[in-house]
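> Kindly produce the complete structure, drawing on both the sequences and the hints.
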Amino acid sequence: MTLKSLITTTSIAVCSLMGLHSIAFADSHGGANHMGRTIGVSCAGCHGTDGVSHSPHLRSISELSEEKIVTALKKFKSGERKGSIMNRIAKGYTDEQITAVAHYFATVNK
Amino acid sequence: MNKLNRRDFLRLAGGASVVSGLSLAGCASNPKTGSSSKKVVVIGGGFGGGTAAKYIKKFDPSVDVTLIEYQKTYTTCPGSNWVLGGLKDLKSITHTYDAMKNKHGVNVIHGWVSVIDAENQKVQLSSGESIGYDRLIVSPGIDFKFDTIEGYSEKDVGSVPHAWKAGPQTTLLRNQLVAMPDGGTFVIAPPPNPFRCPPGPYERVSMVAHYFKQHKPKSKILVLDAKPKFSKQKLFMKGWEDLYGYGTDNSMIEWVGAPDGKVTKVDVKTKTAYAGDLEEAVKADVLNIIPAQKAGSIAAATGLTNDSGWCPVDPKTWESTLIPNVHVIGDSAIQSPLPKSGYAANSEAKVCAAAIVDLLNGREPGEPSWVNTCYSLVGPKYGISVAMVYDLTKEGKIGKVKGSGGLTAMDASRRKEANYSENWLINISNDIFG
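Quick mapping for you: the protein sequence lines, in order, are chains A and B. Note that our numbering has the first sequence beginning at 1, numbered continuously upward. Note that our numbering has the second sequence beginning at 1, numbered continuously upward.
Incorrect hints may appear among the rest.
[Claimed, not checked] The calculated label-pair distances, taken between Cβ atoms and stated as ranges, are:
1. A:H54 x B:E367: 26 to 36 angstroms
2. A:K75 x B:A179: 43 to 53 angstroms
3. A:S60 x B:L407: 18 to 28 angstroms
4. A:E66 x B:V178: 46 to 56 angstroms
5. B:S159 x A:E67: 52 to 62 angstroms
6. A:K75 x B:K283: 51 to 61 angstroms
7. A:S65 x B:H110: 37 to 47 angstroms
[Claimed, not checked] Dumping the calculated DMTMM-like pairs for lysine to aspartate or glutamate here, alpha-carbon to alpha-carbon at most 25 angstroms:
8. B:K400 x A:E63
9. B:K400 x A:E80
10. B:K155 x B:E279
11. B:K58 x A:E80
12. B:K402 x A:E80
13. B:K400 x A:D95
14. B:K316 x A:E66
15. B:K58 x A:E66
16. B:K394 x A:E80
Source of the hints: derived by calculation from the structure; they are not laboratory data. Cβ atoms here follow ideal geometry from the backbone N, Cα and C, with glycine treated the same way.
Written out as structure tokens, the structure reads:
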């Protein structure tokens, strides 16, 4: 058992004992979800908290489907889709991270 | 949990009494604070501290978060150059802490911290109030090294503003520019590295040039720089060429880099700056000195700074490497290669918030990731930017992710980037204060 899985498992056990919902812990510290959330919250600087934009020129990520987010980010990353900012940002993430962040936006507050 | 290190935690978790061990981990009664809840105190309600307070509540609403900020409202430094250019008013970039209190459940105290008692994990306010913490976040921004330019001290900021903390200083500089006759000279002295908002002085030059072009076209701007080069230099200079005749005989802007441009002495009464080895005198109509910088004073007073004047941290958690259970984020922290920007402070705050929630709940903090995007307006419809994605290197330092980021392409739409600039400020302000 790895350190991470030990901690995750035991945390969930304790959560349940405490009557809390185990998903809350899995969300804040479960492998892919942790990665998705870590990257996802850093997008809020431009795209708004939880991907909800309050401005007309920056896209609300929250209204996009998981699949659309993955496709858009991969196209920005490869250069197939032209961009000004997102082409530079998308190149900073692995495909695994792109999948994780798309899943985060598809599930956050929904 | 703060007195329970990872090894202890594993011993408890892995031993026979998993349940009691973990209940210790999850809901420890802190012997220092005497509290059974998880208490976080945040000092400073700007881009770093404001974001951290809100996001800790977002990540774990059971954490008791107290934000201590001496101002009742916060005026963002981003956008303050737009006020100087006449594009915005100060009110539009000024925010309250109402949502922090009422929507997110953060205890907001408008007060001044007199002492951080790290030994006893307590913060003492000048009002006499004392607040205990399990984890403390210090995000006091910058202070100035007023002893680096002869003749310029803190008492002079009322006549020669720095305007590097937004608010009354911004209004003062704006009023001086408005009162200046056409044909006058605005002299600005950007600071040496490292300092808050590396492209900021050059956006300021651009915004003042925009204002002069509209209202005082015979006026000049002289930049006396303590550095031989600056952030986004090529993009700024191209913008100045496109909009303000830079490089021609009629250029509104002249930039002089170090060593010749470095201001060593100022005569505040006559608004004269002396620059370079020869101490050449330059008389200004409006003089803007942006002094060299260091971490906010509470950081040094607490012993959180090293010889550089900034605070060394473990970037995975932003915990100080000098004082346990105290985290430093934003401009005060040694964060390179992340810049001292509002976006970076916001990004650091979220990594710190997640790590603190993990630590308070007995979990190992996960892998961090950071983003920075710095937008600048060269004109109202002319924006430029620099962006980067960062991760943790194998050596435990912050690293730029290879292949990511960079500057606005020379052929990219400046109008689009101007729109992004303005809308970024709306969204990031809302991410903190909304």
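> For this structure, which hints from the list above don't hold up?
Hints 8, 11, 14, 16 are the ones this structure does not satisfy, whereas the remaining hints hold.
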